[in-house]
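Novice: The chain contents come next:
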Amino acid sequence: MLGGADQESDTNDTIADWREKPVLAVRDSEETLEMWSRSEALSPKLRNSLSQANALIVPFVGYGEREDVRYFPEGTEELLHALRSRAGEKLIADICVDDEDYQELDLHADELRMAKIVFDYVVWPIVVNVLHDLAKRWRSARTSRLRVKSKIVVTRTPSGRSVEIEYDGPASVYGDSLRRALEGIGEKGEGTRPEHDETPGD
Amino acid sequence: MRLQEIDRLLGEVPSHLWRDCKLTATAESLLKAAKHEAVAVGDQLEAKRIWCWESALKMQQMFVAAFEDLKDGRHYGAWCTLERIEIAGVSWRRHCESDCEAHRIGFILRQVGRLQALFPYTHFISPALLEKRMKCTICGKEISVRNPCGHQKGEIYDGELCLREVVESEVLEVSIVTNPVQKYSVVFPSEDGKKGDPYDYTLVDYVIRGLRRPFDGWKATWTKARHPHSLYSHVAAQDPCPCGSGKLYSDCCLPEKGVLRPHVMIEFDVPPPDDLPSVVLPSPRRSS
Chain A
1 MLGGADQESD
11 TNDTIADWRE
21 KPVLAVRDSE
31 ETLEMWSRSE
41 ALSPKLRNSL
51 SQANALIVPF
61 VGYGEREDVR
71 YFPEGTEELL
81 HALRSRAGEK
91 LIADICVDDE
101 DYQELDLHAD
111 ELRMAKIVFD
121 YVVWPIVVNV
131 LHDLAKRWRS
141 ARTSRLRVKS
151 KIVVTRTPSG
161 RSVEIEYDGP
171 ASVYGDSLRR
181 ALEGIGEKGE
191 GTRPEHDETP
201 GD
Chain B
1 MRLQEIDRLL
11 GEVPSHLWRD
21 CKLTATAESL
31 LKAAKHEAVA
41 VGDQLEAKRI
51 WCWESALKMQ
61 QMFVAAFEDL
71 KDGRHYGAWC
81 TLERIEIAGV
91 SWRRHCESDC
101 EAHRIGFILR
111 QVGRLQALFP
121 YTHFISPALL
131 EKRMKCTICG
141 KEISVRNPCG
151 HQKGEIYDGE
161 LCLREVVESE
171 VLEVSIVTNP
181 VQKYSVVFPS
191 EDGKKGDPYD
201 YTLVDYVIRG
211 LRRPFDGWKA
221 TWTKARHPHS
231 LYSHVAAQDP
241 CPCGSGKLYS
251 DCCLPEKGVL
261 RPHVMIEFDV
271 PPPDDLPSVV
281 LPSPRRSS
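So the sequence lines, in the order shown, correspond to chains A and B.
Taking the numbering used here, the leading residue of the first sequence gets 1, the next gets one more, and so forth.
Taking the numbering used here, the leading residue of the second sequence gets 1, the next gets one more, and so forth.
Among the hints, a few may not be true.
Unchecked claim - With a straight-line cut-off of 25 Å between C-alpha atoms, the simulated SDA-like cross-links for lysine to any residue are: (1) K136(A) / T32(A); (2) K48(B) / S85(A); (3) K48(B) / R142(A); (4) K153(B) / S140(A); (5) K153(B) / E168(B); (6) K257(B) / D275(B); (7) K149(A) / L130(B); (8) K132(B) / D110(A); (9) K219(B) / S140(A); (10) K136(A) / E101(B); (11) K149(A) / G196(B); (12) K151(A) / A128(B); (13) K136(A) / L45(B); (14) K149(A) / V279(B); (15) K257(B) / V279(B); (16) K183(B) / S85(A); (17) K136(A) / S233(B); (18) K90(A) / T32(A); (19) K183(B) / G196(B); (20) K149(A) / Q152(B).
Hint data in this document are derived by calculation from the structure and do not stem from the laboratory.
Here chain A stands alone, though its shape is the one from the complex (with noise of 0.2 Å):
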């Protein structure tokens, strides 16, 4: 037995600061398909392509003070990959970034950091699958405490506006957190809902 006598409580309390809660903004976005497909980022080919796709994974724009800096995160190569292999239901997904363009930024904390996806809503069941799929290999993965950030905006909504649904949280309510959003957003017809904050049941 390590320490002192006089056991008060039983917290569980470890080196590492785990914060439990996910929290789930929704907000209205001005970010369309169309805006990141028409990029002059991109080469005139390039943008011809992706004017056909619904799925689009978009670069982070900026980092600290290099605010020109385009990147992904690391996984985005499975992400597309992912999404490609369920090509055929309905579902066009590409990469918004040229091929000699296409950097990866490996961060600091020991976090899934999901690729930043603009679809539309018409797929947003079969988006939101893979991404709880990957989430769900990764925790299995790694740790069953692994947290996932991730940014999604979901075009052509009911309403007919862009929503964006930032999530930051435990992996395993990720996939859940997202439908429960996005099922609301569809049920409500809603793309005017001001930016809040939730935390999921579970």
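Keeping the supplied structure of chain A fixed, place chain B upon it in accordance with the hints.
Specialist: Using the frame of chain A, we list chain B on its own:
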């Protein structure tokens, strides 16, 4: 030695045998030859199975090495080895789950996590690395995200793990973090400008002293308990409370029976040596 013999040895976890360089070299060359044969006849499943055995052998060797480093007081070296096992375990879990308990890898990975939790390291140096060009370790082709080579990172091909070799990168920044991707870069604060190791390894030393062999089981239960005020005699009543609450000592733990601090109960599967004390306390100067 035959393949079945290696399988048996991996199951029995002969920690003393893996110290035998000749035996290890024999096992490694036998596995390599068997994998070569499997690849030659296109048996990818067998090649993958042999990769699992090779990985098991390496992880067992590393676990024994980390245990011996800790017995000899080489804490940071052991920490780095435990990190290598943890990283190897990610691919292992993905591909070799069925062998997990048979080769004691499940045990090793659980114990690695438990040992890491006992270390006092909390802050790490971590670079944000922009990886501009990468190559596939299977075919050597440069990574093209739009026209992939067909080898998926993390999969096994011809008995080899597919990785990405970074050939051009740029460090955007370096930060001090608490939950890094890799935990090698421990921050060692210097005292009075002198290099050294200021950390208190009481917890991990206690467990290692209590273990007779690396594959003896143990577990820790983390709670909180009141530590005697005598340990904190150097703290004045008007100083911040050593429990870390942010209140004054006089307004927090001083009126109580002791200072509320993390408390760890260790249970050993095999009775520890008789000279192991039932209670140890961290060094007071380094514990606050």
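Novice: Indicate, hint by hint, whether the structure satisfies it.
Specialist: Hint by hint, here is what the structure shows:
1. K136(A) / T32(A): It is violated: about 28 Å lies between the C-alpha atoms, which goes past 25 Å.
2. K48(B) / S85(A): Given pair K48(B), S85(A) holds - Cα atoms ~23 Å apart, limit 25 Å.
3. K48(B) / R142(A): The hint holds at about 20 Å.
4. K153(B) / S140(A): Between K153(B) and S140(A) the Cα gap is close to 17 Å, so the pair holds against 25 Å.
5. K153(B) / E168(B): holds, 18 Å
6. K257(B) / D275(B): violated, 29 Å
7. K149(A) / L130(B): holds, 19 Å
8. K132(B) / D110(A): Holds: K132(B) and D110(A) sit about 21 Å apart, inside 25 Å.
9. K219(B) / S140(A): holds, 22 Å
10. K136(A) / E101(B): holds, 22 Å
11. K149(A) / G196(B): violated, 37 Å
12. K151(A) / A128(B): Holds, at about 20 Å.
13. K136(A) / L45(B): holds, 24 Å
14. K149(A) / V279(B): Violated, at roughly 42 Å.
15. K257(B) / V279(B): holds, 18 Å
16. K183(B) / S85(A): Since the Cα atoms of K183(B) and S85(A) sit roughly 34 Å apart, the hinted pair is violated (cutoff 25 Å).
17. K136(A) / S233(B): Roughly 50 Å separates the two Cα atoms, so the pair is violated.
18. K90(A) / T32(A): The given pair, whose Cα atoms are some 18 Å apart, holds under the 25 Å limit.
19. K183(B) / G196(B): Measuring from Cα to Cα gives roughly 19 Å; hence the hint holds.
20. K149(A) / Q152(B): Given that 25 Å is the threshold and the Cα spacing comes to 23 Å, the pair holds.
In summary, the structure is inconsistent with hints 1, 6, 11, 14, 16, 17 from the numbered list given earlier, while agreeing with the others.
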